[in-house]
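2 protein chains.
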Amino acid sequence: MSAAVLYHFPFDPGSRSARLALGEAKIAHEEIVVRPWEPDCPVAGLNPSGMPPVLQTTEAGKPLTLCEAPAILGWIEDKQKTPLLLSTDHAERGEARRLTAWFDRRFTDEVNAVLLHERLEKPLLRLGPPEAKALRDGRAALKDHLAMLEPLAASREWLAGRRLSQADLVAAAHVSVLDYFGEISWRSYPSLKLWYMKLKSRPCFRPLLADKFQGLAAAPHYADLDF
Amino acid sequence: MSAAVLYHFPFDPGSRSARLALGEAKIAHEEIVVRPWEPDCPVAGLNPSGMPPVLQTTEAGKPLTLCEAPAILGWIEDKQKTPLLLSTDHAERGEARRLTAWFDRRFTDEVNAVLLHERLEKPLLRLGPPEAKALRDGRAALKDHLAMLEPLAASREWLAGRRLSQADLVAAAHVSVLDYFGEISWRSYPSLKLWYMKLKSRPCFRPLLADKFQGLAAAPHYADLDF
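Sequence order for the protein chains is V and C. Sequential numbering of the first sequence, starting at -17, is according to the numbering used here. Sequential numbering of the second sequence, starting at -17, is according to the numbering used here.
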């Protein structure tokens, strides 16, 4: 099989979703870290949005470029003989898609756009120190989202039902970035913590646990499988 | 076949995506208009986000509730014997998913959250008159997005390639709401205009052209197939 190359930024939830899905599907690939805010970022010429993740691969001998996590996750699922990251049950497929949309839209708007802006973008782009009010608002929104996920994790094996789905990978992609920055109070969400421990122990997760953010060590439990 | 019921708000782009996809797939269904900001909205008990679209149907004799456009569009595609709203070509499938994600995320954030907030949410929720600066910002963002779409429409039969895909339906769902409010200067985008005329002539589009917004007539060309 010819090689696939994933351009990603390690603390971008979309990039993490793509890495987890490629890992779960055991698709051999090379990973190239990009910094999309720098002028010579190679992704600028590949994706009209200028953002990772972008996967370059081949299909039937033809080059194939896939931009954004939904295109990469969709392609991975298309290649499977039997469903891998979606259930065969219609209700669970629908629930996985609902939750994926929830993270891509509401979680991104209400949590990431506030909290990751303060904790991640500001130091990277040298936009000054975080603002106390934005941190408070982002953390309050994060609590609401985790409180919404906790009963799902308590009543189901995986977030969308009886089997692991793309919803688990996308949710873990978002949660793991915030966990690196020490933003998740796991003791308040015991069922979600068990769900996250199960995910963290999977081989697909290992590369993410080795990621390092410039000048800031991960929260002490970040890479612990038994935290 | 047992009936399907779609709960939708006629000027919500996600709801329009679902109606167009159900129409294109010729899935018989009843449509119930909801007003998600009202306390007794039936969608509040069906979708954790409280928002339309929600489709209630049955699969293999069991009730099935699908929340949000990606779950509804995904289910429609799952039911097809041969792909209907995605190409069989991997590159075109990826491109359709990229464009769908673009509308669901960037177009929604940069155009709808500004321009539809001023033109649609403010009158509905009685939040006062539109602000000139927000209208200017939203219109500038809309121009950028349409200018990005114009070369795609000029060089391809449909937005993602040689065949109609979910990207066309999702893009048209967004564009058609803004067109109702007279926000699209079609003469600046001749190829996009041809694309939109092709879409508007399809039977799936007919119900949308009959929609009425309270107290505001559609732009004169809105329901014209040959505008």
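Accuracy of the hints is not assured; some may be wrong.
Straight-line distance between alpha carbons at most 30 Å, and here's what the computed DSS-like set of lysine-lysine pairs gives [as the list claims (entries may be wrong)]:
#1 K104/C - K182/C
#2 K180/C - K125/V
#3 K8/V - K8/C
#4 K61/C - K104/C
#5 K61/C - K63/V
Just a sample of chain C residues kept apart from chain V, beta carbon distances all over 10 Å, derived [unchecked claim]:
#6 K44
#7 T47
#8 C49
#9 A51
#10 G76
#11 A83
#12 D86
#13 W168
#14 P185
Since the hints were made in silico from the structure, they are not lab data. By construction, the Cβ of each residue, glycine as well, lies at the ideal position given by its N, Cα and C atoms.
Quiz item: Okay, which hints does this one fail, numbers in order?
Solution: Those not satisfied are hints 2, 3, 4, 6, 7, 8, 9, 10, 11, 12.
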